[in-house]
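These protein sequence lines are chains A and B, in that order. Going by this note's numbering, 440 is the number at position 440 of the first sequence; the sequence numbering is gapless. Going by this note's numbering, 66 is the number at position 66 of the second sequence; the sequence numbering is gapless.
Everything labelled a hint here was simulated from the structure, so no lab data went into it. Nothing here was measured: the structure is a model prediction, and the numbers come from that model. Note that beta-carbon positions come from the ideal geometry of N, C-alpha and C, so glycine has one too. Hints should not be assumed to be uniformly reliable.
Stated by the list, open to error - Footprint (simulated), chain B over chain A, 3 or more residues, beta carbon under 8 Å:
#1 299 to 311
#2 366 to 380
To be verified - Anything over 12 Å on all C-beta distances counts as not near chain B; from chain A, calculated:
#3 ARG31
#4 ARG34
#5 GLN128
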Amino acid sequence: MTISSLRQQLLAGQTTPVAILEQLAAAIAGRDGRTGAYLSHNLESARAEAAHADLTLPLGGIPLAIKDNINVLGQPCTCGSRFLAENYRSPYDATVIRKLREAGAIPFGRMNLDEFAMGSSSENSALQTTRNPHDFERIPGGSSGGSAAAVADLTAVAALGSDTGGSIRQPASHCGVVGLKPSYGRVSRYGLVAFASSLDQVGPLTRSVEDAARILQVIAGPDPLDSTCLEAAVPDYLSGLNDGVKGLRLGLPREYFGEGIAPGVRRQVEAAVQALAAQGAEVVDISLPHTEYAVATYYVLATAEASSNLSRFDGIRYGHRAANPADIPDLYQRSREDGFGPEVKRRILLGTYVLSSGYYDAYYSRAQKVRTLIRRDFEAAFTRVDAILSPVAPSPARKLGGSAINPLDEYLSDIFTLAPNLAGICAISVPCGVTAFDGAAALPVGLQILGPHLGEAMLLRIARAAESCL
Amino acid sequence: MPQPHIDVRYVANLARLELSDAEVATFQPQLDAILGHVETLTKLDVDDIEASAHAAPVFGRMRPDEPHTSLPLSAVLQNAPDQFQGQFRVPKVVADA
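Chain A extracted, bound-state conformation (with noise of 0.2 Å):
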């Protein structure tokens, strides 16, 4: 079940909009009880749109699944959040769900994620525990666990997810399916909850590599309401996705194959590479030197953008009230001690500390320094090859409860997802096959392939090529 084969059993008069819902609806009743990747759904809504849905479209008659951080006209956006689960719904479509719906997509199921889209397990959501469909006793991974457990467990066809620091590709590899970070500016953020302003970005999660294709075909482009969305064209992400690797110089950044590595993760990413080399590509050793500052530069940018975008949290214009407030402070105060859960707090504290006066210029602005000497590591890298191979993630999905012992633990393994985010460049997982871990028989491992600013189309090419010789 991919876009693209079910396109093609619409175009064929084999299935109709409405079967596919229905059978999908039918999915969710039977499994999501035990994978709890769906926060609601909109079934008697998304019946009328499949109803009247435009074959004609690039996804016409396409059901796809919405992380709960996007807004979509008359529909809840928790963001995972009690702040926002109460009676929030969404006045506007954001602008990648208006795009989809102009291409025929129906929006269909709202997906659950760690609270802000901060956590790498989704157990950070105040409302519910979505598990791994590959071992319901493992985490999904985060922050867009819902959107891949749906993907992987085939109650969703595809679904979009947002990415600050690896929220799309290390979920991805956790359920074994495929997810893109498009690059910095290449997909608007209009109608996106903003956790860190600099690093978010909207991409899909999909079964296939041409499905990412042809969401990303779709929601790419310039947007009048966000002006971070680059003016530049959106080239055709499908007609060169079968050109193979011959002759591509791919790089493996001895920083990223270091210690830390589980070995089966490790054996899994290097077959890729291998067959990869045996397609053509040549493979290149390279260095990022300064990847080992990437976990602390992250984690001070992001938690600096957070505690300024989710002061916006105030009990006043939507979410959560404290009742009976005193006054304006302890309206604000209690509002937000209410609403947000640990993790959630923790990054509030640890970026208005690094704002706070005093401690700017030790943290924020040195972060903000060592993220151009980052972005220059993968400029230099650019030079000498056309892409870059990596593990997604150091380990297969960890097994569910933990994360809150210790949060510095469960940040350092964001390790290989984050770097991506700070240079801006695009990024995506695909499946490279399974592994022993921790006492389970096959866990997913996914290969992470990053590309310059703006080179989706040479990146999909590369996943693709890799996807074939699964």
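Got chain A; can you put chain B on it based on the hints?
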């Protein structure tokens, strides 16, 4: 290098978070540990490095200054926890004379 120590109560007040004593006790060592890791950035000499506020060269691009349709007032107010006569209602912000 001394281990950083964050004054959680002070910062929580800046962030308008009313934390419980238990939360302060939990966050204190966690935030100190994270800041301890952040100290690794001081190993680098960044004196002559320009800061990157954004990842890509996107500069506050302006759209043409033309009026467009805005959300209707009812849509803007639909999620307000408290509203009155087409406005958000908040506690009194001016002290009594």
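Results for each hint:
Remark: the stretch 299 to 311 of chain A is confirmed as covered by chain B, as 4 of its residues place a Cβ nearer than 8 Å to a Cβ of that chain, reaching the required three. Given a C-beta distance limit of less than 8 Å, the hint that chain B covers the stretch 366 to 380 of chain A holds, as 9 residues qualify and 3 suffice. Even its closest Cβ contact with chain B, about 32 Å, leaves ARG31(A) beyond 12 Å, as expected for a residue assigned away from the interface. The non-interface label for ARG34(A) is consistent with chain B: the shortest C-beta to C-beta separation is roughly 31 Å, beyond 12 Å.
No Cβ of chain B approaches the Cβ of GLN128(A) within 12 Å, the least distance being about 22 Å, so the stated non-interface status holds.
Every hint, counting from the list given before, is met by this structure.
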